[in-house]
Structures are given as C-alpha cells and as structure tokens.
Amino acid sequence: NAGVTQTPKFQVLKTGQSMTLQCAQDMNHEYMSWYRQDPGMGLRLIHYSVGAGITDQGEVPNGYNVSRSTTEDFPLRLLSAAPSQTSVYFCASSYSTGLSGSYEQYFGPGTRLTVT
Amino acid sequence: QQQVKQSPQSLIVQKGGISIINCAYENTAFDYFPWYQQFPGKGPALLIAIRPDVSEKKEGRFTISFNKSAKQFSLHIMDSQPGDSATYFCAASMFSGGYNKLIFGAGTRLAVHP
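Listed in order, the protein sequences are those of chains A and B.
Residues in the first sequence are numbered from 26 upward in steps of one, following the numbering used here.
Residues in the second sequence are numbered from -5 upward in steps of one, following the numbering used here.
If you want the ones that stay clear, here's a sample from chain B, every Cβ over 10 Å from chain A, calculated:
| hint | residue |
| --- | --- |
| 1 | Pro2 |
| 2 | Leu5 |
| 3 | Lys9 |
| 4 | Ile14 |
| 5 | Ala18 |
| 6 | Lys51 |
| 7 | Arg55 |
| 8 | Ala64 |
| 9 | Met72 |
Here are some chain A residues the structure puts well away from chain B; computed CB gaps all over 10 Å:
| hint | residue |
| --- | --- |
| 10 | Gly41 |
| 11 | Asn53 |
| 12 | Ala77 |
Label-pair distances were calculated between CB atoms; the ranges are:
| hint | chain 1 | residue 1 | chain 2 | residue 2 | range |
| --- | --- | --- | --- | --- | --- |
| 13 | B | Leu40 | A | Gly65 | 20 to 28 Å |
| 14 | A | Met66 | B | Gly35 | 14 to 22 Å |
| 15 | A | Lys39 | B | Ser1 | 33 to 41 Å |
| 16 | B | Gly35 | A | Asn90 | 23 to 31 Å |
| 17 | A | Phe35 | B | Gln3 | 24 to 32 Å |
| 18 | B | Asn21 | A | Pro108 | 30 to 38 Å |
| 19 | A | Thr40 | B | Ile6 | 36 to 44 Å |
| 20 | B | Arg55 | A | Met66 | 25 to 33 Å |
Honestly, the hints are just simulated from the structure, not real lab data.
C-beta atoms are modelled at their ideal positions from N, C-alpha and C, and glycine is treated no differently.
Construct the complete structure from the given sequences, taking the supplied hints into account.
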C-alpha cells in the first residue's frame, strides 16, 4: 500500500492564481482531511470529509474548496491564492472504529506552498 | 484561541536523558489525547495515545501521563536517543459533526545530543 500520497511536493504561486493540491489514499478509509502547518501554530484543520459526497469545514476554511467524489481522492482547491496561504499542507485519512475518539490519522508527506 | 497549549517550544536533551513535553487543554469534551511525531520533510505519525479514563500509558521508552482534574497531559521519553530528534505534537480530539476533530498543540522541537 502506498498509504496517503500528495502531489505536488512543492509549488510556487503568484497572488491571485488558483491551483489544486491532490491527495489520494489506498487504505479504503472513510474519513479524509486537510491541514495546514505553520510555524508556532501546529496543524490546523481546513476541511474534512466523512465519506464520498460529504464534506465540511474545519477551523480555517476560508479561501479553500474541497470535494470528494470517490473514497480514494480528496483534492484541495485554492481559488485565488494569497500570501497568507503560504504554508505546508497535509492530507490525512482515517477510519472509524465505532468508538468515539479512538482512531489514528495517517498523514501524507505534505505539499510546501509558497505564494508570492 | 488555542485550545491545546504545548510547552516548551524547543528542548535539548543529552543522549540517555529524559525528555518531557507538557500539554494543557481547556475543553472537557475532549476524549482522546494522541501524540504525533514528525521528522523533517515528513508528515506526522501517531506515536502514542491515551483516553481520559487512564492516568498513564507506556509503550517502550514513551509514556503519557494524564491528569484529568488539572486538564494536563505530558509525554516522557526515557533514555532519549539522537534518533528521537523530531518535532512532537500533542493533540486532543472531540466528536463533532460526525467526525473526530483533532486540535493540535503548537509543537515541540526536540534535539537529542550524543
């Protein structure tokens, strides 16, 4: 199993450009999520999905869109990039054990995005 | 407003020493407390986790101590090794919107010197 894969690894955008960060998992996990990691702030949840066709907002959703048409894929779209979106983006997947709070998130290797 | 506060920001320990990282939380609805380990250029990976009905959990050299009344928990790394040098994140989880949302601390960069 490849686990959680993300592309690209690095990206530089100009302010106002749009792009899509790709995320795929081959573990048949129900749940997928996107985080951004900034120095001194830990990881913050952007959007998440509890299954194909179902998405919801996390802590910092503004400026980002997601969709989930298949169990495997969960792309993150930046509609009009801003310098404040310079960050490292991580995709994660997880499964439900049926018990609230007892599960593990599997993270991808990340995408380092710079917006100039 | 940071719901999970982590300290210290950085930590230097000699090989063989004990590394201690502390976290505090505010929301009593949290019901799962994992620690993640992240090496440079990699995504975080689950290291160890605890639920609030247990005061301590040990896995090899890694121990979580949990104080429910004080709303604090800590990670102890015994016999620290240079290979333990990484960034450590504590987190707290609550079930909301059909999903177990993780709230992360700011992270601690640990350096273990030989």
